[in-house]
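Asks: This is what each chain is made of:
There are 2 protein chains.
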Amino acid sequence: MSGVLFERVAFIGIGHIGSSLARLLRRDGLATTIVACARRQETLDTVMRLKIADEVTTDMAAAVKDADLVVIATPLSTYVEIGKAIAPALKPGAIVTDVGSVKGLVIRDFAPLLPPTVHLVPGHPIAGTENSGPESGFPEVFNGRWCILTPVANGNAAALDLVTRMWKSGNMNVETMDANHHDMVLGITSHLPHLIAYTIVDTATDLEDTLKSEVIKFSASGFRDFTRIAASDPVMWRDIFLNNREAVLSLLQRFTEDLTAMQRAIRRGEGDKLQELFTRTRAIRRSIVEAKQA
Amino acid sequence: MSGVLFERVAFIGIGHIGSSLARLLRRDGLATTIVACARRQETLDTVMRLKIADEVTTDMAAAVKDADLVVIATPLSTYVEIGKAIAPALKPGAIVTDVGSVKGLVIRDFAPLLPPTVHLVPGHPIAGTENSGPESGFPEVFNGRWCILTPVANGNAAALDLVTRMWKSGNMNVETMDANHHDMVLGITSHLPHLIAYTIVDTATDLEDTLKSEVIKFSASGFRDFTRIAASDPVMWRDIFLNNREAVLSLLQRFTEDLTAMQRAIRRGEGDKLQELFTRTRAIRRSIVEAKQA
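Chains Z and W, in that order, are what the protein sequence lines are.
For the first sequence, the positions run 1 to 294 when my numbering is used.
For the second sequence, the positions run 1 to 294 when my numbering is used.
Keep in mind that the hints were calculated from the coordinates and are not lab data.
Worth double-checking, as some hints may not be accurate.
Said to hold, decoys possible - Chain Z is faced by these chain W residues, among others (derived, beta-carbon under 7 Å): (1) Gly93; (2) Leu113; (3) Phe138; (4) Trp146; (5) Phe226; (6) Leu259; (7) Gln263.
To be verified - Now the stretches of chain W that chain Z is said to cover, found in silico as 3 or more residues with beta-carbon under 8 Å: (8) 188-194; (9) 200-212; (10) 239-247; (11) 266-272.
These figures come from a predicted structure and were not determined experimentally.
Note that beta-carbon positions come from the ideal geometry of N, C-alpha and C, so glycine has one too.
Whenever a hint applies, use it, and build me the whole structure from the sequences.
Replies: Shown next as structure tokens:
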């Protein structure tokens, strides 16, 4: 539909989201040549076998040379190292974007590493399953979901437009937002829920063995949703919590206060208070169903 | 397949689970006559319109008269009142069962109200969606799920067998267990996850309005699973927390300790600790997928 948007696209990192985007570029003919860069040769062998990219390399500078678009799709802890490695090799006018779940640090720590001749468009497609690796990607994963772009001050309008068109080709709803505001919104909708899911699954694993095997056996209600969330990529999530620390800790503080109030109501047998609260939370679910995010 | 198990079955309460079981009895020809009792005439009108029962009444004693099986499918807070109302009307040899999510109180508070000539078989089909009311029921809701029966001491073996055959007709995996052990297993797999889901949705509703509307809009990841859980029936869940108080509070204590440790690791930037924990929780998910409860 869109036609070629970029002659040469380089992916730094080609896991679940990176490979999904590469497949989208292919499916819709948005790129002429796709280069994939990963640390491990094994990953690149998989990429070639699945025909996700035209060229592969473990050398970041070589990957981005002559690229019109560079997509960073690696855990957040690697951004600074990547910025330093690719900066000297980027061609003037190249667009650099990313798919990371925290955006404040991209503006703060990554942007200053790039030469002034390239255009940075930080992005976050809110999509994906709990699976990892290039085998797990598929272009429809973006379908109907939101993509948030957090443009830099005085950013290049043409670059923003091209990245927007790329995500729209995957049928995403693209929105722009301030990076710090993004980190707070995602803190409550995604990061805090993941933290809690990880914790409750951890609590269950610490129960004595008999009980633990029964927890797995009878996990039909409630618990299995948490385990799905808690099966997400460990390194990616470690980096999210470390890099969105302030927002997560402040939201966690609010949650803990609310949980303590709930605990108190149960201990004191305050049924009316519990029922009233449970009735309120139902309304939020309805809003989400109406917003078609369910 | 099973043929008629009970000539006359009376339902006290005919909501999501009650009406699903009534539909199952019908589908498989397990009962000759089905009587439904509810407090509100409106509910009974729906039941008649949907042909879920043959007879309806708001009078509990009239409903259970001559019944071979009585199914209690109401919130836990109504059990004592129901026990008192039906006890004088139960015919000798009648079987009384229930579908409640907490079993200790059935043995402790409900069993002593029944005459010694009837057979109590406390039960808990671990099934259901977040929807409520007789319209929301369907017989396949039990398919492949667990049903836990918690027999009373010196209970009637024939009664236990009949109730087991009824649930097996719905393709449930039926298991017997001590009532207090059931309450601990369900406390961690179901009650604590629901409590936490209710709390986080509550935390989100207390955010300032701009943020709240964005939470709804961008709820794709993590949060929407919690809102689904937090949309469950408020009265049913109020009663679960009040009636499984000890198990829930002791599990909540463990969870809070684990959450505090997580908070500390984030604040101190202990990446290795976080990654190690997130890797462990992945294994639990695999066990659940293998146990086919996912």
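Asks: Does each hint fit the structure? Answer for all of them.
Replies: Here is what the structure says about each hint:
Violation of the interface hint for W:Gly93 is found here, the shortest Cβ-Cβ separation to chain Z being roughly 32 Å, above the 7 Å cut-off. Annotation: interface hint on W:Leu113 violated; nearest CB of chain Z at approximately 21 Å, more than 7 Å. Interface hint at W:Phe138: violated, since its Cβ lies 16 Å from the closest Cβ of chain Z, which is beyond the 7 Å cut-off. A least Cβ separation of about 5 Å between W:Trp146 and chain Z falls short of the 7 Å threshold, and the interface hint therefore holds.
Given hint, W:Phe226 at the interface with chain Z, holds; its Cβ is 6 Å from that chain's nearest Cβ, closer than 7 Å. Because the beta carbon of W:Leu259 sits about 5 Å from the nearest beta carbon in chain Z, less than 7 Å, this interface hint is met. The criterion of a C-beta within 7 Å of any C-beta in chain Z is met by W:Gln263, whose closest approach is roughly 6 Å, and the hint holds. Only when three residues or more bring their CB closer than 8 Å to a CB of chain Z does the claim for the region 188-194 of chain W stand; here the count is 7, and the claim holds.
For a cut-off of 8 Å, the count of residues in the region 200-212 of chain W with a CB near a CB of chain Z stands at 9, and the three-residue condition holds. Interface restraint, the region 239-247 of chain W with chain Z: holds (4 residues with C-beta to C-beta distance below 8 Å; minimum three). Coverage of the region 266-272 of chain W by chain Z holds [criterion: at least 3 residues with CB-CB distance below 8 Å; count 4].
Of the numbered hints stated above, those contradicted by the structure are hints 1, 2 and 3, listed in ascending order.
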